[in-house]
Every structure is written in C-alpha cells, then in structure tokens.
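Trainee: What follows is the residue order along each chain.
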Amino acid sequence: MRKGHEGAQRRNCLWLKLDLSGMEAMRACETPAMRLKHELQDVSLQLNEKISELEARKDYAEKIIDTVQNPLLVLDSDLVVRHANDAFYNVFAVKSPDPTGCRIFELGNGQWDIPALRMLLEQILPDKERLEDYEIEHEFPHIGQRILLVNAQRVDQLQRILLAIEDITDRRQAEERHELLVSELNHRVKNVLATVQSMLARTARGAASPEQLEESLSGRLRALSRGHEILVGSDWRILDLGKLIRAVLQPFDSGERVNVDCEALHLRPRAALAFNLVLHELATNAAKFGALSGHDGRIHIDCRAPQGNETHATLRWMEDGGPAVIRVGKKGYGLSLVERSVEHELFGSAEMMFRPEGLKCVINFSADVLGGGGKS
Amino acid sequence: MKNGFEDLLAGRKVLVVEDEIVIAMLLEDFVEELGGGIVGPVGSTTGAVKLIETEEIGAATLDINIADGSVYEAAAALTSRSIPFVFVSGYSELPDCPPEFRDTPRLKKPFTLDELAAVFSKAIPPAALER
Numbered sequence: 001m002r003k004g005h006e007g008a009q010r011r012n013c014l015w016l017k018l019d020l021s022g023m024e025a026m027r028a029c030e031t032p033a034m035r036l037k038h039e040l041q042d043v044s045l046q047l048n049e050k051i052s053e054l055e056a057r058k059d060y061a062e063k064i065i066d067t068v069q070n071p072l073l074v075l076d077s078d079l080v081v082r083h084a085n086d087a088f089y090n091v092f093a094v095k096s097p098d099p100t101g102c103r104i105f106e107l108g109n110g111q112w113d114i115p116a117l118r119m120l121l122e123q124i125l126p127d128k129e130r131l132e133d134y135e136i137e138h139e140f141p142h143i144g145q146r147i148l149l150v151n152a153q154r155v156d157q158l159q160r161i162l163l164a165i166e167d168i169t170d171r172r173q174a175e176e177r178h179e180l181l182v183s184e185l186n187h188r189v190k191n192v193l194a195t196v197q198s199m200l201a202r203t204a205r206g207a208a209s210p211e212q213l214e215e216s217l218s219g220r221l222r223a224l225s226r227g228h229e230i231l232v233g234s235d236w237r238i239l240d241l242g243k244l245i246r247a248v249l250q251p252f253d254s255g256e257r258v259n260v261d262c263e264a265l266h267l268r269p270r271a272a273l274a275f276n277l278v279l280h281e282l283a284t285n286a287a288k289f290g291a292l293s294g295h296d297g298r299i300h301i302d303c304r305a306p307q308g309n310e311t312h313a314t315l316r317w318m319e320d321g322g323p324a325v326i327r328v329g330k331k332g333y334g335l336s337l338v339e340r341s342v343e344h345e346l347f348g349s350a351e352m353m354f355r356p357e358g359l360k361c362v363i364n365f366s367a368d369v370l371g372g373g374g375k376s
Numbered sequence: 001m002k003n004g005f006e007d008l009l010a011g012r013k014v015l016v017v018e019d020e021i022v023i024a025m026l027l028e029d030f031v032e033e034l035g036g037g038i039v040g041p042v043g044s045t046t047g048a049v050k051l052i053e054t055e056e057i058g059a060a061t062l063d064i065n066i067a068d069g070s071v072y073e074a075a076a077a078l079t080s081r082s083i084p085f086v087f088v089s090g091y092s093e094l095p096d097c098p099p100e101f102r103d104t105p106r107l108k109k110p111f112t113l114d115e116l117a118a119v120f121s122k123a124i125p126p127a128a129l130e131r
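Chains as they are written, first to last, in my numbering: chain A, 1 to 376; chain B, 1 to 131.
What the hints contain is simulated information worked out from the structure, not anything from laboratory work.
Please read all numbers here as calculations on a predicted model, not as lab measurements.
Ideal Cβ positions, reconstructed from N, Cα and C, are used throughout, including at glycine.
Just to be clear, a hint being listed does not mean it is correct.
[Unchecked claim] Pair ranges (Cβ atoms, derived):
{"hint": "1", "chain 1": "B", "residue 1": "76", "chain 2": "A", "residue 2": "144", "range": "32 to 40 Å"}
{"hint": "2", "chain 1": "A", "residue 1": "212", "chain 2": "B", "residue 2": "32", "range": "21 to 29 Å"}
{"hint": "3", "chain 1": "B", "residue 1": "76", "chain 2": "A", "residue 2": "204", "range": "36 to 44 Å"}
{"hint": "4", "chain 1": "A", "residue 1": "179", "chain 2": "B", "residue 2": "76", "range": "26 to 34 Å"}
{"hint": "5", "chain 1": "A", "residue 1": "170", "chain 2": "B", "residue 2": "98", "range": "29 to 37 Å"}
{"hint": "6", "chain 1": "B", "residue 1": "56", "chain 2": "A", "residue 2": "208", "range": "33 to 41 Å"}
[Stated by the list, open to error] To spell it out: a stretch of chain B is covered by chain A in this simulated footprint if at least three of its residues, at any positions, have a beta carbon under 8 Å from a beta carbon of chain A; those stretches are:
{"hint": "7", "region": "45-53"}
{"hint": "8", "region": "108-114"}
Isolated chain A (complex conformation):
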C-alpha cells in the first residue's frame, strides 16, 4: 500500500519535476528523508536508462563486428577473447566450445599460440596503439598453412584490443602464380628467340638466294607459330597425334593426296611441339622434292601404338608416285632436323629410305612421350 502511495506521489513529483515552475511546490511537500530517497531512485532510474543505452550500443557494436567480412576478435587487456565474429568462426573452422572466455593463445588447443602473434600482442602493441598489416604465417591443424594480415588496435578506455585478421593465403598464391607465369613466359620467349636464331643461321647456310631463305624460314616460323597455337588451343594438355598430322599437312594437301591412318595416340605438349616440327619438315621436303611436288604423288601416313610390352610407338611416312628420288649428297637441314628431333626430343629414331617410288620414313618414338590413355 505504502509503496503504491509513494509511487503515486513520486510519479506526481516527477510530473511536477518536468514542470519547472512547480519544482518549488514539489520540494515543499517532501521531508528530507523522502527527498533523499527520491533522489536515489532518480539516479537509479537514470542509471538503468544509461545501462540499457550502453547495452544497446554494445549490441550495436557487436552487430557491426559480426557484419564485418574479415575475422575479428575483441580481447581484453589480459588477452582473453571477449568476442569473436562469425567470420572468425567460419574462416578458422573454430567450433564449440565457444572461444570467448579463454586467452587467445589457448584457443582451439593452442593453435593460436603463434610466436609472431605473441610478439605482436605482448611486445609491440603495449608500445603502439595501432598496428596495420602485420604478417603472420602459420600452419593451422584444420585449415593448413595460412598467411594472415593482422590489424591491431588498442582501445584503452575500454581496456580492449581489436584484432582484425585477413586471410591472404589465396591472394598471395595468386600473386606468386602470376610471377611464376611471367618468369616462365619470359623464359619461353627467350627460348623461341634462340630457336628462331638457330633456324635462321642453318636455313641461311642451305639457301641459294635471299628469296629461298625467306621462303624456307617463314615456313618454319609458321610451323612454330602453329605448334604453339595448337597447344594453347588444347590448354597445354595432351594432344592427339592424328589431329596434329592433319593440321600440319592440311596447307600442303590441296587435292586430298594425303591419307592418314592413325591409332589413338596422345602426345605430351613437348612431344607435340617436336612432332609439329618433324611433320612440317617432312611435308616441306615432299612439297619441294617429293610426292607433293608433282601432280600424281600421294603420301600415306600410319601410326601404331605400342603393343604389349613394347616401349616404342611407330609413325610411318610413305610417299609414292612423285618424281624419281635422287639422293643428293648430305642431308639438308630439314631432314637432319627430323632425325635429330626424333632422337633428342622423342627419344627414338627416324629411319629414312630413299626408295625409287618415294621417301619412306619410319619414326620409332618412346612411349614415354605419350600422355594419359595414349598407350592403350
């Protein structure tokens, strides 16, 4: 009853309090004890309001933290985890028990006891209020080797430390891959230039005139270019030998005079480049001196996969119906390139038979240059 009465009176007094002109009247109707009590009640009410306001702010702050996409930890001055956001739980695969309430170094069976992190929290941060892009590399039990960038901020009034952690492992790997690609490309380009330089020197030696040099050299350059195109088209994966033969021979074969009978053989990229050049040289030779130099000649090409325990596959190139073959002294650059490429890059041998009806070239090449599925 009394409580209710006092409450009513207090409400009245509060109402009066708002009415400044009535203030004096309110004070006049209270005893000193009542006044003290009422003042205390006022303070308590105000405190409660402040507390709920603070709680709302804390809630707001935590919601902000939870919304941040990078993992974020709130530590107190004893380095005990006071809050961890969703991203932290997700990225670091931290599951129950809830990490909040233990020291950061004890988190997840001590997986966060990282020397570099200790250094940051125990030695650097006490002297520095804020630190950005501090790099930590660490092997975590569940997620493996990671590279982290940590931003740390001391909030001294609240005795809190904010740790924002960004996992840059993927970005760093992409950067490294990019660097590797550039370096690899640089290396490839230099090799191609050295190849062209070598072809130029050798082609020039055998050429009777600048025109002939230009013709032979540009043929070889086109072959190099096509080889790279074919490989890029196949994403530098294994390449079907039959397809390669048709692609190389196509510009030389105006009237369907080339017959290809090839078992399924899949070449590794380096071997595909070697075959590209070998076939170009054989085709050029046929167009200049052999079956494709006249109107009636034909070329039959067949390929055979290794049988049983054989370690070699075979490609046979057989010309007939061309002009009578005359062997002129030493082999030219083109055919010696065929022999040496097969020997050096296809780990086999090329046997050339200069038959009256046309050139026959039998290429045995190592099964090691074949990729997945090609050996069957």
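Dock chain B against chain A, hints included.
Mentor: For chain B alone, coordinates are given in the frame of chain A:
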C-alpha cells in the same frame, strides 16, 4: 670471328646440355666455330652426369631449364672434375641457384657467337688458354 676467340675451345670436347634440339644445334655450330668438338647434346641431367663420368670432356654448356631434375647436379659433377662450364638460360635470374654457382659465367638466350665466346673466356682459366 673477331676478338681473337677462334681457338678458344681448340682441343676441347664440349658437352652440350640442352633439351631443345634446335637450340642445341646452334650451340654445336658455335662451339665448332670456336675450334671445339661436341659431346652430346643431351637433354637431361641424368644423361649429362653419365657423359661427365664416362667421356673425356674439356668444357660444357648447361641449360638451366632442362626437363628432369636440377642441372646443378651436373654442374657439381663438372666442378669436382675441374671442368670449366657456363650456364645458358632464358631466365633473367637463375632459379634456386646454389651459392657455389652464383658466379658461374652465364649466357642469356638468345645469344650470339661472340657472346658465347665471351662467357667461355671467363669460364676457362687464363693459364689453360695460354697452353
């Protein structure tokens, strides 16, 4: 050939380690122009080491980027026999080069005959050239 390098490799058999035959053929031509003979060419470290162990070799060119393993094994085999050699590379920096080979003379692709002669003259000790 200018610069008095004509006989730089005279009397030496030069091991050529290079996995691309067209480039190996250029090296062969250049070595022959400098008076040297050829061992190889060979496109693998294992092949190179085997030749170093069995053939009489007076100098070598090692391509850094060959298909199998590290060419530095071949470099070590040459060093232990005091055979002078040069590195040939398309890279500006040598990848994973052990410290003992950091000062080995290097030829960058593409290269000319004069450049090959210049790196060999750095690799071969002057006393050996006077012979």
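Trainee: Look at each hint and say if it fits the structure.
Mentor: The hints, checked one at a time:
| no. | hint | result |
| --- | --- | --- |
| 1 | B:76 - A:144: 32 to 40 Å | holds, 34 Å |
| 2 | A:212 - B:32: 21 to 29 Å | holds, 24 Å |
| 3 | B:76 - A:204: 36 to 44 Å | holds, 38 Å |
| 4 | A:179 - B:76: 26 to 34 Å | holds, 28 Å |
| 5 | A:170 - B:98: 29 to 37 Å | holds, 31 Å |
| 6 | B:56 - A:208: 33 to 41 Å | holds, 39 Å |
| 7 | 45-53 | violated (count 0) |
| 8 | 108-114 | holds (count 4) |
Hint 7 alone, counting from the list given before, is not met by this structure.
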